[in-house]
Amino acid sequence: MQWPRPHGRGMNAMAGVYISWPFCAQKCTYCNFASGVFPRELEGRYLERLRRELRDWEWPWVAETVYLGGGTPGSMAAEALEGVLSEVRGRPWKEATLEAAPGWIAREQVQAWRRCGINRVSLGVQSFVERELRRTGRKHTAEGVARDVALLLSEGIGEINLDLIAGLPGQTEAGWRESLDWIERLAPPHVSVYMLEVDDDSNLGHELLLGGVRYGARDVPGEEQIADFYEEAVERLAGMGLARYEISNFARPGSESLHNLKYWKREPYVGFGADAHSFDGRLRWQNVETPQEYVQAEQIRCETTEAHGDEEKFFVGLRLMTGVQVADEDEARYGEAIGRFVGDGLLVRDGDVVKLTNRGVLLSNEVFAAFVD
Amino acid sequence: MADRLLEYTGALSQREMMEQVLDSMDLERERGITIKAHAVRLEYHADNGNTYQLNLIDTPGHVDFTYEVSRSLQACEGALLVVDASQGVEAQTLANTYLAIHHNLELIPVINKIDLPSAEPERIKEQVEQIIGLDASEAVLASAKSGIGIHEICEAVVHKVPPPKGDPAAPLRALIFDSWFDPYRGVIILARLMDGTIRKGQRIRLWSTESTYEVDGLGYQSPKPVPCDTLSAGEVGFLFANIKTVSDAKVGDTIYDAANPISEPLPGFEEMKPMVFAGLYPVESHEHGLLRDALEKLRLNDSAFNFEPENSVALGFGFRCGFLGLLHLEIVQERLEREFEIDLITTAPGVRYKVELGSGEIVEVDNPTKWPNPSEIIKIEEPVIDATVITREEYLGEILKLMEEKRGNQKKFEYIGGGRVMLLYEMPLNEVVLDFYDRLKSASRGYASLDYHLAGYRISPMVKMDVLVAGDPVDALSIIVHKDFAFERGKALIDRLRKLIPRQQFEVALQAAIGAKIIARENIAALRKNVLAKCYGGDISRKRKLLEKQKEGKRRMKRVGRVEIPQEAFLAVLKVSQSGSEE
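So the protein sequences, as listed, match chains Z and A. Residues 1 to 373, numbered by my numbering, are exactly what the first sequence covers, in order. Residues 374 to 956, numbered by my numbering, are exactly what the second sequence covers, in order.
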């Protein structure tokens, strides 16, 4: 499979734009992103700096997709959102996603989103079980999510994603089933299922490592159970017509996230704002991490590296269920490893295409590590 | 104490003082121990108005390095017996005293650390008289830390230690008591001149090799090297003479004048024989050559350790190495990793058995993989030691239990006053090289001292225990155990391995077996999940870093068949106690 390899000024493939809005009403216990609760005053300066970064970009192409992630960009004021999006060339975009916290979305808000060009909304639901939600610091309810979904549909936003997390503290089999039942009831065209990762830089992860009680670290389900939850979700979602197209993403055919697909297909994207990442087909770069640094720094790009194309092709590409095409030069370099994983039942090979098996998905890091030097 | 004497006699100014000046190896400073003996010359202006030249050798205390003490004593006229004012006489105090008496040395008891609140100098004096049988009435009360008694020590040396007897005009006879390799000058010899004089440019000959060399340089340490033109009878100093390897200038050998031969050498030393054996393997098999070079370099300065190539099905090419004891092994291992930056896998240390075969042949086996077929074995003898333990009464219960568990036979039990007990046991060396030190330390909360020496061999029903991982024997995990202890050892070892070997993609069976008989079994459940399922907004480098970290973790493991085994697993047997509990 030949991915387009444009770079620099000649970047002419269909590219994506990512915009980071790191502000949240509260910090979730499992979160290790450079986002959270910041002083009000910072938001204004951040907005200004963000608009300047967008304006300064040379725009060698027009954007095909836009993704506003966070943080909680859904809480942006209408004028602020318009101010940002008006700087992004290519409106109306083929796909423009906004991440939002569910529970209290107002009709006027959705109407404003639509006016700005937003046509897809991703709700950070994580769970439909009240007890699980409270323990992670979330305040919404299942009914609130249902109301939001109905509202989005009534305002013409049909492309909706709901996020779930398997492995929240106190999560039980019954609780997980309840969340999946809600998904079935609400029937969104896209679902993401993340497995809780213990990052030592999140509050919860810190506690897991040190053994505290405040964030419920002791009640985090075991690896076995998280794996069971995940596999149950894969099966249930398939039954609802939501096919797994990437390790943690499930969609009805045609509702896959075009923007996120660019990451896995190694197509170009440019990120704006704090901790945003970019790839032009050859180079990868990254912006400074915190919003404070972002508003102050002269140089907001903090790290640029040459992409490792031949390796990424596998450890990024294999995340997609369509698999990766093995070229002759890959055969020489990775043939032995591929053969071993096929023998272990982690990969399956069909002609010159290799894919992860069901078991391989859960052990994918074991596979991916072999493609990193 | 040695540092304080240096400072007091002005060999070093206070500004130059660094803790443990004489312990120059990084490892010695870090661990606060002495591994190599160090010789230094001091000038002392005594109260009687005379100036004396004192040659001081600071020696190690650990039993692994007793030979360093022994050869240093042979170069001396007297010794300071330093006893801790609160700890009292320890097992090694006794051993070193006997060595000194054996060499006819004048002993000066020094009770150190008398400024500690727990110090009991009078009781300790009694102990010295009772246990060692030394007159302690004139023992010097000192504190190296606060400088108390240092003057008195120097005065005692001047008054009590006899001056050297040799004749500077007689034919040259010098005893080599240490040698090491210097990359610029070749081998440097540390020698005590018994008779005669040695000059720069002189042609000297070594008794055992009969090779002749021309002396390129002479000097003494004070403690920095000070070059000089001559050394004569009674003095201690170093010389170099373009000697290529340490084995050409054996410790204990006699140096004489090539032009003025002697008829008798000085009494030499017994050559130290390694007692503890282990396999050393590079984690990365391509570093095999690097490891060999490093071992050769270490051997240049450490003739007590030896190695020969061996190979293992599981670990590939490596070396079987012999050491004086566990501390010696640990030091060599640490130096290889630190100074030569080689990642090592060390297999469980063991001893050398004498095995009599049906054919009448007796073979010495120090590697479990070379253990003869049991059907051919007539008799097995294992090395035993006489171990002296001195401890406090309150820990006796635990210690007696431990000695029992370690197959010890009590030979002596003696109350030595002050609530202290001295135990003498005959026990298999094989039990000491496992986890004995750690166990003794925890059984006594650190209040037990141990000293031992090889006492001979005894017949024992030893068997080879194999470990099977996923059905395949892993030769590097095999150990030799006493038949009656095999079952429990096997269970504990398997339990320990289960905790050390990470989960793999599939379930892994761990088994301990004697011959075809499985004596213990545990399973390591299969790894269910190792996946990154979180969106990082296109942050590929984060994913990459995480994968690199995982890969680095795997790199430090050894793949045996389909199973990845971490380095520590090969030493798991060291951490296995009878009960299977971990320290």
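Possibly wrong hints are sitting among the right ones.
Residues on chain A that point at chain Z, a partial pick, calculated with CB under 8 angstroms [unchecked claim]:
{"hint": "1", "residue": "Leu-671"}
{"hint": "2", "residue": "Leu-673"}
{"hint": "3", "residue": "Asn-674"}
{"hint": "4", "residue": "Lys-902"}
{"hint": "5", "residue": "Gly-911"}
{"hint": "6", "residue": "Arg-917"}
{"hint": "7", "residue": "Gln-923"}
{"hint": "8", "residue": "Lys-924"}
In case anyone wonders, no lab produced these hints; they're calculated from the structure. For glycine and all other residues, C-beta sits at the position ideal for the given N, C-alpha and C.
Status of each hint after checking the structure:
no.	hint	verdict
1	Leu-671	33 angstroms, violated
2	Leu-673	37 angstroms, violated
3	Asn-674	38 angstroms, violated
4	Lys-902	4 angstroms, holds
5	Gly-911	4 angstroms, holds
6	Arg-917	6 angstroms, holds
7	Gln-923	5 angstroms, holds
8	Lys-924	4 angstroms, holds
Checked against the numbered hints above, the structure violates hints 1, 2, 3; every other hint is satisfied.
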